[in-house]
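*Asks:* Protein chains in written order, with full-length UniProt numbering: chain C, 1 to 350; chain D, 1 to 350.
If you are wondering where the hints come from, they were derived from the structure by calculation, not from laboratory data.
Don't take each hint at face value.
[What the hints assert, rightly or not] Over 10 angstroms on every C-beta distance to chain C, these chain D residues come out as not near it, computed from the model:
(1) S39
(2) L47
(3) S53
(4) Q65
(5) N103
(6) A166
(7) D292
(8) Q334
[To be verified] Below are the DSS-like pairs computed for lysine-lysine, each with C-alpha atoms no more than 27 angstroms apart in a straight line:
(9) D:K50 to D:K35
(10) C:K149 to D:K149
(11) C:K45 to C:K171
(12) D:K45 to D:K35
(13) C:K80 to C:K45
(14) D:K171 to C:K171
[Said to hold, decoys possible] Every beta carbon over 12 angstroms from chain C, so not counted as near; a handful from chain D, in silico:
(15) N28
(16) K45
(17) T78
(18) P147
Yeah, the Cβ is synthetic: ideal placement off N, Cα and C, and Gly gets one too.
2 protein chains.
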Amino acid sequence: MTKEINVAILGATGAVGTELIDLLDRRNFPIANLKLLASGRSAGKSLTFKGESLTVEEVTQESFQGIDLVLASAGGSTSKAWAQTIVDAGAVMVDNSSAFRMNPQVPLVVPEINPTAASQHQGIIANPNCTTILMGMAVYPLHQIQPVKRLVVATYQSASGAGARAMEEVKIQAQAILNDQTPTAEILPYPLAFNLFPHNSALNELGYCEEEMKMVNETRKIFGDPNIRISATCVRVPVLRAHSEAINLEFDAPFSVDQAKAILNNAPGVKVVEDWQRNYFPMPIDATGQDDVLVGRIRQDLSHPCGLELWLCGDQIRKGAALNAIQIGELLLQENLLHPSKTVAVSVGQ
Amino acid sequence: MTKEINVAILGATGAVGTELIDLLDRRNFPIANLKLLASGRSAGKSLTFKGESLTVEEVTQESFQGIDLVLASAGGSTSKAWAQTIVDAGAVMVDNSSAFRMNPQVPLVVPEINPTAASQHQGIIANPNCTTILMGMAVYPLHQIQPVKRLVVATYQSASGAGARAMEEVKIQAQAILNDQTPTAEILPYPLAFNLFPHNSALNELGYCEEEMKMVNETRKIFGDPNIRISATCVRVPVLRAHSEAINLEFDAPFSVDQAKAILNNAPGVKVVEDWQRNYFPMPIDATGQDDVLVGRIRQDLSHPCGLELWLCGDQIRKGAALNAIQIGELLLQENLLHPSKTVAVSVGQ
Numbered sequence: 001m002t003k004e005i006n007v008a009i010l011g012a013t014g015a016v017g018t019e020l021i022d023l024l025d026r027r028n029f030p031i032a033n034l035k036l037l038a039s040g041r042s043a044g045k046s047l048t049f050k051g052e053s054l055t056v057e058e059v060t061q062e063s064f065q066g067i068d069l070v071l072a073s074a075g076g077s078t079s080k081a082w083a084q085t086i087v088d089a090g091a092v093m094v095d096n097s098s099a100f101r102m103n104p105q106v107p108l109v110v111p112e113i114n115p116t117a118a119s120q121h122q123g124i125i126a127n128p129n130c131t132t133i134l135m136g137m138a139v140y141p142l143h144q145i146q147p148v149k150r151l152v153v154a155t156y157q158s159a160s161g162a163g164a165r166a167m168e169e170v171k172i173q174a175q176a177i178l179n180d181q182t183p184t185a186e187i188l189p190y191p192l193a194f195n196l197f198p199h200n201s202a203l204n205e206l207g208y209c210e211e212e213m214k215m216v217n218e219t220r221k222i223f224g225d226p227n228i229r230i231s232a233t234c235v236r237v238p239v240l241r242a243h244s245e246a247i248n249l250e251f252d253a254p255f256s257v258d259q260a261k262a263i264l265n266n267a268p269g270v271k272v273v274e275d276w277q278r279n280y281f282p283m284p285i286d287a288t289g290q291d292d293v294l295v296g297r298i299r300q301d302l303s304h305p306c307g308l309e310l311w312l313c314g315d316q317i318r319k320g321a322a323l324n325a326i327q328i329g330e331l332l333l334q335e336n337l338l339h340p341s342k343t344v345a346v347s348v349g350q
Numbered sequence: 001m002t003k004e005i006n007v008a009i010l011g012a013t014g015a016v017g018t019e020l021i022d023l024l025d026r027r028n029f030p031i032a033n034l035k036l037l038a039s040g041r042s043a044g045k046s047l048t049f050k051g052e053s054l055t056v057e058e059v060t061q062e063s064f065q066g067i068d069l070v071l072a073s074a075g076g077s078t079s080k081a082w083a084q085t086i087v088d089a090g091a092v093m094v095d096n097s098s099a100f101r102m103n104p105q106v107p108l109v110v111p112e113i114n115p116t117a118a119s120q121h122q123g124i125i126a127n128p129n130c131t132t133i134l135m136g137m138a139v140y141p142l143h144q145i146q147p148v149k150r151l152v153v154a155t156y157q158s159a160s161g162a163g164a165r166a167m168e169e170v171k172i173q174a175q176a177i178l179n180d181q182t183p184t185a186e187i188l189p190y191p192l193a194f195n196l197f198p199h200n201s202a203l204n205e206l207g208y209c210e211e212e213m214k215m216v217n218e219t220r221k222i223f224g225d226p227n228i229r230i231s232a233t234c235v236r237v238p239v240l241r242a243h244s245e246a247i248n249l250e251f252d253a254p255f256s257v258d259q260a261k262a263i264l265n266n267a268p269g270v271k272v273v274e275d276w277q278r279n280y281f282p283m284p285i286d287a288t289g290q291d292d293v294l295v296g297r298i299r300q301d302l303s304h305p306c307g308l309e310l311w312l313c314g315d316q317i318r319k320g321a322a323l324n325a326i327q328i329g330e331l332l333l334q335e336n337l338l339h340p341s342k343t344v345a346v347s348v349g350q
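Excised from the complex, chain C in its bound form (with noise of 0.2 angstroms):
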């Protein structure tokens, strides 16, 4: 029988955090006591977990004693701060911030592509940024039987990428609207409900966004791979909840449809959907909730002979967030990654 742990959550009352105690439960973690952790502003409200109600604590330097695996939620800034005390402490920091993934000392893992690079953590393993998850599980195994030259990929990002109190805003834009008032924008910089623009993230020299970027730089780390070409372009959409992404794909030879069909469906965590009859194909509302990536549309790109177009849709808050980072908990335990030489503490001053 697995040994069971002790978990902490930082940022347990998030969108993601919520998930990840959910997760938790429903995957049956190996857990002998968990710790629900936040800034002071949420400590004390109660959540529960396996039926019981746990009491959200304050995090401070003490919080991390006797924690073998903290999964952190709660943005960069909170994960920078705390990086240092929690590995520390002992325990192992699977970050889904953005602080510490493109670290050279820091491995950046989705388990179905990249399992063996866990290993080398020193005390700190990064989760990727969602839209980057969802697009390597329907790429990578594709990239492992023929090389992927170059990808261009559209978005499709709900509001849940921008947080629980972002979807909670976009349905009091959508009421707003439906009753003929001006909806207002405070957790987004711009009206969502019935409307879309490009991804708010900050912009760089070329014009590409941080949220392009991810995709670019952390695809390029999970799938080992510095050559592959990548542009982005990434929307927010008026959608609660699961992203979605057009992607092309070119090869150096042509990649045949039906190949790549057998190919995703087999892959792990990847389901294809695709009725032709009934013009079906992945939407949001249908991977919301699930932890398989929705894939479809899998086509001969019409624009040229080694290209295939997919489109996938899959949980950002899922497999984009919590599903990855317990996967991740899941994979230390299996491969007795725990506890490594607590000293080697990892630089913090990315």
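Guided by the hints, dock chain D onto chain C, whose structure is given.
*Replies:* Chain D in isolation, oriented as in the chain C frame:
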């Protein structure tokens, strides 16, 4: 002073029909008489033109006597059913349906792109598909300077593309979801509110839907370039009006971003909308009710040295349909292309 002509709108009560009526007024189209035509179901309704109430008439064999210009927007089967009658009556039909677009005898015209094609008409001129018009407006000015070799596009298409009833359905669905009820779908195949799905037009043997093939084939015809390679992914999104498109362009040689912006800044019917500080780019709510196609996020393609990425939003009913049709009418007047030899009837057998 321009001669005033007799105009009929076939399909006057639809989303495009009502926009045609409004635009004929606002653009001071030189009208002697305006006749509003529709099916028997809509006959008897009243619509306002220039402050006067006009009664919608049921279309009959006699409807087009004395008419100079018919703006048709009642669907492909209605256009096919009445085309010969219209041409025989000596009128020119500007058809918004897809019925005649790929007919070699029928010019397919975007006045900013291929105005001279209109002179070849034999009684019918086709108005292109909305997503095709919007894309052409942004791409053709660049294509003129350096030919586009390959184009990959992903669309974000509003409910208006499926008509006024679809727009209403999305609102009803949204209200149901906000009330924690299950939404129903009657006009569109699946719920669109807080959801999205690949365009539901019929699929060909390669898995491309009609909407996607329109973007491929119509663009080639309008640009007069059968060699441009195009692949498209068309998606319906829960936006009420105005379509968006993420466009990836590949040229034979590098195309500088600064030059592209300068060209698009001077392109007729195009407005460059880019504010990097505010992360403000084209959005459907800003494109709604605008004549111009809003273009932004003009940037170097990170995956190809000869590539550019673009983002656009355009009013699907305005420039994507009604405005373009009226501009064709204006072109016909200006170039004296109404009343061609009446006996040359077009083949309507396509």
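*Asks:* Against this structure, judge whether each hint is valid.
*Replies:* Cross-check of the supplied hints:
1. S39: The claim holds: D:S39 sits with its nearest Cβ about 26 angstroms from chain C, beyond 10 angstroms.
2. L47: Correct as stated: the minimum Cβ-Cβ distance to chain C is 22 angstroms, above 10 angstroms.
3. S53: holds (25 angstroms)
4. Q65: holds (42 angstroms)
5. N103: holds (22 angstroms)
6. A166: holds (13 angstroms)
7. D292: Non-interface label stands for D:D292: nearest chain C Cβ at 18 angstroms, farther than 10 angstroms.
8. Q334: Correct as stated: the minimum Cβ-Cβ distance to chain C is 36 angstroms, above 10 angstroms.
9. D:K50 to D:K35: holds (13 angstroms)
10. C:K149 to D:K149: holds (18 angstroms)
11. C:K45 to C:K171: At roughly 24 angstroms apart (the allowed maximum being 27 angstroms), C:K171 and C:K45 satisfy the hint.
12. D:K45 to D:K35: Holds: D:K45 and D:K35 sit about 13 angstroms apart, inside 27 angstroms.
13. C:K80 to C:K45: holds (24 angstroms)
14. D:K171 to C:K171: Given pair D:K171, C:K171 holds - Cα atoms ~12 angstroms apart, limit 27 angstroms.
15. N28: For D:N28, whose nearest Cβ neighbour in chain C is about 31 angstroms away, the distance exceeds 12 angstroms, so it holds.
16. K45: Its Cβ never comes within 12 angstroms of chain C, the nearest being 23 angstroms, so this holds.
17. T78: The claim holds: D:T78 sits with its nearest Cβ about 24 angstroms from chain C, beyond 12 angstroms.
18. P147: Holds, because the least Cβ-Cβ distance between D:P147 and chain C comes to about 14 angstroms, which exceeds 12 angstroms.
Checked against the numbered hints given earlier, the structure satisfies every one of them.
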